[in-house]
Each structure stands twice: as C-alpha cells, then as structure tokens.
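Residues 1 to 690 (the numbering used here) are what the sequence shown spells out, left to right.
Among the clues, some could well be false.
Straight-line distance between alpha carbons at most 30 Å, and here's what the computed DSSO-like set of lysine-lysine pairs gives [as the list claims (entries may be wrong)]:
1) Lys362 with Lys294
2) Lys184 with Lys362
3) Lys294 with Lys592
Hints are computed from structural coordinates only; laboratory data are not their basis.
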Amino acid sequence: MLETAENGRTWVLSGPTSSYAVHLTERDELLHLHWGPRIALADAEELAARPLPGGASFEAPLDGHEEYPVEGGPRFVRPALSVRTPERRGTEWTFDRYDTDGDELRLRFRDAGLTITLHYRTRGDVVERWTVLDNEGTEPLELLRADSATWTLPDREEWQLSHVHGRWAAESRLVRSPLTYGEKVIGSRRGHTGHQYLPWVALDTDATEERGEVYGCALGWSGSWRIAVAQLPDARVQITGGAGYDESGLLSLAAGASFTTPLFAALWSDAGFGGASRTWHAYQRTYVIPDADKDRPVLYNSWEATQFDISEEQQEVLAQRAAAAGVELFVVDDGWFGARTSDRAGLGDWTPNPDRFPAGLKPLADRVHSLGMQFGIWVEPEMINPDSDLYRAHPDWVQYQEGRKRTEFRNQLVLNLAREDVQEYLWEQLDGLLSSAPIDYVKWDFNRCFTDAGWPGDAYPQRLWVDHVRALYALLDRLREAHPGVAFESCSGGGGRIDLGILSRTDQVWTSDNTDPLDRLAIQHGFSQIHPARVMAAWVTDSPNTQLNDRVSSLRFRFVSAMAGVLGVGGDLAEWTEEELAEAREWIALYKEIRPLVQHGDLHRLRPPAGGLSAVQYTRGDESVVLALLQAQHYGEPVPALRLRGLDPTASYECLETGEVHRGAVLLHHGLRTGLRGDLDATVLRLRRI
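All chains, please: the whole structure from these sequences, using the hints.
Shown next, in the form of structure tokens:
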C-alpha cells in the first residue's frame, strides 16, 4: 500500500507488517523518515515535522538523513551518485515531480540535462528500490558511480552485522560481528557476483533465530558490485550498494541515453533471522524466480562420473541406471561439444563433437526421454578457448588490454559480451542448439573472473563491466522467450553467481562445487539466510569424497544433506552396487513425497550446523518434515530433542516414520526425539496433522 500526504511531500509504503516512509522538504531535500513496524500516514507526518538534530560546523546536517545522498555540496557520507561532465563533478538537483502506479512511487529530480528518478515498490514486506538516470541534455556525461539505493537504519545501540563469506568450494559461510564506527565493505571486482560474498547483509541488535528486529538488504546484480555499511560519527547507520566496485567509471551516458541501476531490495522483520529468511524466500518465490510454483525435478549430472571422457554409449548406460533410480532429469555436462577433450580447447564452438555424438545430441535426448526423463546439457557461453574455431576466426572478440600480458585462467578467455556481434553470435549458436534437439534444461556456467577487461578502440572501454551483464540478461531473456519449456541453472564454478538478478532469469542455482555432505551443511545454512530451498541445488556424490577430502559417509547422510534443497545425484552410477542403487531409489522416492514442503514450504532452522546435531524443518499447511543430521556425538551424551516450530499447539501430529502421535504444544516446547547416534547419522521425520 502507498499513501501520499495532502501536501504531496510525504509518502508511506506499507506491507502486511512493515512501513517505509520518506519526506521531501521545502528545500528539495529528500529525507528518510521511517523503516520498521507498520505506521500510519499521520505518524510519518509527525516525523516529518521534527527538526533535524543540530551539529557542529564541521559536520553536514543532512549526513545520515538523506534518502539518496549525491556527490556535491555539504555532504561527507559515501555518495550514492557521482557524475562528471567536462565542466564539473557532482550533482545539485531540484525536485521535479512524483508519480505513483499502484504500490510503486517514482520521485523525479533534475540537474541541468540529467534526470534522476528514484523508484520505490513494495512486494509484501520487501521494499524494492532502483534508480533511473536519463541524459536529456545535448552532451554526454560520465557516471562514475550510480548506486541503486541508500538505506538508513533507526537509532539503536550495538548493531551487529551479518553476512556470508567464502571462496571456491567454501561459499556462503555465515558470520556475525559487532558493527563499529567506520565502514564495512563487501563486494566483487571480478566481473561476476563471486564466491567470496553473496550481495546480502543483515543488521540487528539482539535478534535470535525466531525473535527480535532484523534489517536485511540484497542486491540484484550479477557482475562486479559493492555494498558498504557505514556507522557514521553520530552512530547512525547507512547501507549503500550498487553495480561496480569503485568510482573509476561505470558508464558514459550519451545524450538521450538512459541507465537503470540494479534492483536493491530490503526488509524489516520482528521475527528474528528465521522470520527474515522466510520473508525473503516468499518474496523470491512470488516475485523473482521464474515458474517458482513448479517443482524442480530430481536430476543426475554425469560430470563426476566421466569428466571429459564421454561418449554417447556411456551416457546411455548412465541414463538407464539413473532412470531406474527414479531420476527425472539427465544432464550431460562438459565435454560434449567441439574439440572438448580437456579444458584446453573447444569453448566457443557450441556444436556436438562428431566423434562422440555422430548424429548430434538428438538421439541421446530421445533415448533419455524414452526412459521417462528430461534431457539437459552444460554450456559456458561467455568463455572461449584460444584453441577453438571461434577464436581463430575472431581473436578480437575477447576482453584484452592492448600491449599487456594476457591471463588465461583455466586455459580460457572471456568473450566481450558488450559487443553486439558477440551477442548475436551467441544467440544464433544457443538458439540453434536448443532447436536441434529436445533439450529441457541448460546448466549455464562461468568459470573464470575478469582479469584483462579491456576493449581497444572503444571510446569508453570500461563500460564492458556493466554492458557484459546487461547483455547476459538480454540473452537469457531472449532464450527463455524463444524456448519457454527450457529451464536454466546458474553456475559459476559452484556458487560464484548467485543474486536476485540472475535468479530472476534462472530456475535454480548450483550452490557450490563442494558436494561433501558435511561441508554442505554450513554452506546451505548460510545460503538459506537469503535464498529459498526451491533454487538450492545439492547433489549426492560418491564416498569417499575424492574431490576434496576423502571423507567417508553413508548414503543415508549424503541423501538427507542434499534433500534440504533441489535434490540431484552426481556419483558414478556405473560403479554403484545394486544395493546402493536400491537404497538411492528409496531416498529419491521419499524426496518426491516431501518435495512440495521443501521447495515451497516455510523453512525453520531448528539447530545450526555447529558440530553436533543440526536440523531444518519445512512446513506447509498441515504437513511438516524435519531433516536432522548428527555430525558427531561426544562423551556418550544423549542427543537433544528438536523443538519444532510452525505447528498448532492445540493440534495433534502423527510422525509417519514411527507411528507416534504428539501434541503440537509438546513438540513446540519439549521437542521431538530423532533416534540419531554416533557420527554422520541422519534421518527424515514426517509429521502430519490429524
């Protein structure tokens, strides 16, 4: 709901439980008023009438109070907007007008030929913000920095900052620490979202998993980005974020051109970190993820079984065993195209290898379909090997710096997607590929960072950092429109490209290349702070885990760990025993039963993965499922019962695994026994209201 004061200078955007309010002064200063529990328009008007606190002459009175601080004038906070023309640097804007459209508010400002429009929109209790910059003048201007939004928190003491950090095979590990004076900056200067951080932060003072105020912000951008959290000298806190990592130059905005910043979404919750997560999850399932109401199928991916040594006959054998286990989607990973017998060749040549697939992919796809499964393939369209037909024909199509040493991470280079000819080539190749065979799914990978991001001959070469992402989005949008039955998964060496921007164009994401079921618990715990299980792909692979640590774990522990998201299998099924395949078939059948709860239900993190017992619970309607995993049991101490959540205390619930009936109040306050013992034990417990 959007309310506007009679004077047209105070606005309140409200969701079911929260409100966000801003005010425009008579001096055209846009001030932040409120972000928190739901308030009335009259409350916002009272806040607007309050004078700003006084300060010393060395301080700027607007710092910490402006909605979107621009560079220029008496401001010392981090600017959200930095503009340069041949004559001057900075912005001195005046208010032009406001527009409303349902729950969307648009505030329009002008500075000479530049028009700045701040957009606000409520999606439930999530507030979306973005900024549109239009050059309506006659000369180009340079956007050094154009952040999406600045968020201002209320006056509180002892803020705590939460975010996730990591690296390859160790993504999304949650950390929470006191916020101190100064700035905390997270981001990526790598050209993609990165393994190091998800573009998300949360702040609280005393919240627990289920109680207390939590503020959260998430950026929707799949290139380089930055979020800065600043505690100002007067203790106020502001969060600023957007595309690009620094102020070296984002775009040159030609006369008549426009730039729309990425979406920056935020929420307030008084139901702790769990409540904040459930709000984020519902928001993404409702407004962000394509076809989120559809179940994601159980997949098999052949990469760990075969790597580059693949053939059509070998893939058929794996497909037969996968189908017998109950798999619903069979995916051929890297190695099916061009001269791709190793990672040294073939990227860029998106036609089937004639020695491995003499008649193309269609015979294998047809065979997979005849087994009752969908068919998928792996691609990495933004990359190119020097040993490829494409590079030999167009060596100028890559990012490079004239006269500088070239970097070949993973024996590959990055295509310059900012070039229109590259965009058209990729469209023709991928559209042709998806038209050549009945392909249902595409795993879209991105396996190296930008290191030589140059474009010799272009008037403003650094624009490729932004234009690459915009071209990626446009290509995915075009492919989805032309092939509406094809699902896409975002992958970047695991979890290197996960954000609200890519999630608005893909059906799921590859959470991490680390498939160790114990390591995955912490990775999935951090991931779940912001993103729902509906997009969190997780595989069951072989034991011991030769990829990372040689850890031995039971098939039971591996399956229960992976069943917390979109279940997949990635082991070498040709080497699995009949007993293992039979057990896998039982776990997959169980997952299909609980899938509606996992992929579409409300998540409750019952216990974090801290070395002992950890558990998650999904609830939907009258049903609930608990996935409990015991990492280790020490000193013979009994394993604690799990206090459940989201149940009706006055109702009774039957545990389908034991046949026992429990009162909701007992489960909520005294807990459910799991029966787990020893190390790396796991179980699934289903509850149904009776």
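key: Hint check, failures only   = Checked against the structure, the only hint that fails is number 2, while the rest are satisfied.
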